[in-house]
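Make a model of the complete structure from these sequences and hints.
Numbering (our numbering), first residue to last: 4 to 70.
A few of these clues could be false.
Derived DMTMM-like pairs: lysine to aspartate or glutamate, alpha-carbon spacing no greater than 20 Å straight-line [unchecked claim]: (1) LYS56 - ASP41; (2) LYS8 - ASP62; (3) LYS18 - ASP40; (4) LYS64 - GLU10; (5) LYS56 - GLU10; (6) LYS64 - ASP37; (7) LYS64 - ASP40; (8) LYS8 - ASP41; (9) LYS8 - ASP40; (10) LYS18 - ASP62; (11) LYS18 - ASP41; (12) LYS18 - ASP37; (13) LYS8 - ASP59; (14) LYS8 - ASP37.
Keep in mind that the hints were calculated from the coordinates and are not lab data.
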Amino acid sequence: VLPVKLEIFNVLGQKVRTLIQATQPAGIYRVSWDGTDDGRRLVSSGIYIYRLKAGDFVDMKRMVFLR
4 VLPVKLEIFN VLGQKVRTLI QATQPAGIYR VSWDGTDDGR RLVSSGIYIY
54 RLKAGDFVDM KRMVFLR
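Right, here's the structure in full:
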């Protein structure tokens with residue numbers, strides 16, 4: 004069981020949304036993002052970065068969001 008955090012950032016590095024912040028066992032998970040920020044406002048189409056932290060593991064990837 005590890006602390007897991009999944010966050011989305013805009014290209015300026017500003018945090019847009021925290022999708023997951025929990026302690027979870029190892030496994031395969033699927034997460035969907037509805038295109039809203041932490042204030043539940045719709046974000047613009049564009050490139051975003053997601054960062055996944057699980058214990059000492061950290062990975063960041065780019066994604067394209069289209070409305």
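Report task. Sort out whether ASP37 lies within 20 Å of LYS64, counting only the CA atoms. Result -> 18 Å, holds
Query raised in the report: Holds or violated: are the alpha carbons of LYS56 and ASP41 at most 20 Å from each other?
Result: 18 Å, holds
Query raised in the report: Does the structure keep LYS18 and ASP37 at a Cα separation of 20 Å or less?
Result: 15 Å, holds
Query raised in the report: LYS64 and ASP40: Cα distance at most 20 Å?
Result: The given pair, whose Cα atoms are some 18 Å apart, holds under the 20 Å limit.
Query raised in the report: CA of LYS8 to CA of ASP41, is that 20 Å or under?
Result: 14 Å, holds
Query raised in the report: For the pair supplied as a hint, LYS56 and GLU10, is the alpha-carbon distance within the 20 Å limit?
Result: Holds, because 9 Å separates the two Cα atoms, which is no more than 20 Å.
Query raised in the report: Holds or violated: LYS8 with ASP62, Cα cutoff 20 Å?
Result: Given pair LYS8, ASP62 holds - Cα atoms ~11 Å apart, limit 20 Å.
**Report entry** 20 Å limit on alpha-carbon distance, applied to hinted pair LYS8 and ASP37
**Finding:** 17 Å, holds
Query raised in the report: Given the proposed pairing of LYS8 with ASP59, does the C-alpha separation stay at or below 20 Å?
Result: 11 Å, holds
Query - Pair hint LYS18 and ASP40, alpha-carbon separation not exceeding 20 Å - result: OK: LYS18 and ASP40 at ~9 Å, within 20 Å.
Requested in this report: Would you check the hint for LYS64 and GLU10, treating anything up to 20 Å between C-alpha atoms as holding?
Outcome: Distance of about 11 Å is within 20 Å: holds.
Query raised in the report: Under the criterion that the straight-line Cα-Cα distance not exceed 20 Å, is the pair LYS18, ASP41 satisfied?
Result: 9 Å, holds
Checked against the numbered hints above, the structure breaks none of them.
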